[in-house]
Amino acid sequence: MDAVFKALADPTRRLLLDRLRERNGQTLGELCERLGMARQSATQHLDVLVRAHLVTVVRRGRERLHYLNPALIHEIEERWISTFDKPRLGAISAIKNRAEEYAMTGTPTSVPTYVYVTYIRASSEHVWRALTDADLTARYWGHANVSDWEPGSRWEHRRTDGSGQVDLVGRVLETEPPTRLVITFGESADAPGDASIVTFLVEPHHDIVRLTVTHENLADATALREISHGWPAVLANLKSLLETGEVLPRAPWEMSPVHP
357 MDAVFKALAD PTRRLLLDRL RERNGQTLGE LCERLGMARQ SATQHLDVLV RAHLVTVVRR
417 GRERLHYLNP ALIHEIEERW ISTFDKPRLG AISAIKNRAE EYAMTGTPTS VPTYVYVTYI
477 RASSEHVWRA LTDADLTARY WGHANVSDWE PGSRWEHRRT DGSGQVDLVG RVLETEPPTR
537 LVITFGESAD APGDASIVTF LVEPHHDIVR LTVTHENLAD ATALREISHG WPAVLANLKS
597 LLETGEVLPR APWEMSPVHP
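Taking our numbering, the leading residue of the sequence shown gets 357, the next gets one more, and so forth.
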């Protein structure tokens with residue numbers, strides 16, 4: 357946490373985080389334009405935020421897109437806020453959000469891309485197997501993800517209650533074992549249509565990996581809220597399984613979201 361609080365101590369870096377909160381996935385040029393800041397100065401501040409894991413960089417061709425990483429902010433909230441006064445702060449947050457909704461204009465806004473980063477003590481091969489093995493996904497996700505994981509193939513999100521019912525389907529867009537998997541996500545088995553896109557990026561470093569999950573093309577703000585609650589829960593269970601051999605003692609997605 358030392359690096360986190362050091363990064364947050366600077367008002368310019370807090371402003372950068374605010375700008376990414378307003379619109380995630382900006383390039384360096386876009387951030388500089390919005391802040392009226394020289395590229396060199398912005399780069400120095402962004403490097404501090406990246407080292408503190410408050411910002412994640414995702415490469416798209418020649419571009420470097422910057423995303424706010426909510427994981428450490430969530431840890432701060434859990435450690436110093438939610439234990440003491442969570443119900444009251446949750447109520448205040450709900451009132452504030454509703455007031456802001458009423459104050460919004462009728463101009464449509466785009467739904468931001470969701471990015472989540474976690475670090476796992478495992479090899480990239482083990483993480484890849486956990487992402488693509490039906491039996492393992494059934495253990496930490498509560499559904500078995502079934503496919504041959506070849507580009508163009510269908511994948512299914514099957515219940516593990518013995519019914520064999522498929523709740524979601526999608527297509528495999530890209531596979532680069534054991535480091536990159538891109539799939540469509542969120543189609544209904546009964547009414548497939550436009551789907552969002554999920555990218556799993558597995559980056560090994562000595563005896564750990566950095567797993568980055570990027571979720572794009574979300575339908576609306578409701579979908580963003582749902583996956584913002586779901587992905588941290590699923591990935592926490594995956595991390596526990598790979599590091600300890602067991603999933604968490606309770607399904608983490610059954611917990612209520614922090615913000616109503």
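These aren't lab readings, by the way, just hints derived from the structure by calculation. Hints may be right or wrong, so weigh each one.
[Unchecked claim] Cβ-Cβ distance ranges computed for the label pairs, FRET-style: (1) Val-413 - Ser-509: 27 to 33 Å; (2) Glu-559 - Pro-367: 27 to 33 Å; (3) Ala-490 - Glu-610: 31 to 37 Å.
All C-beta atoms, glycine included, are put in the ideal place defined by N, C-alpha and C.
- Can you name, in rising order, the numbers of the hints this structure does not satisfy? Hint 3 contradicted; others consistent.
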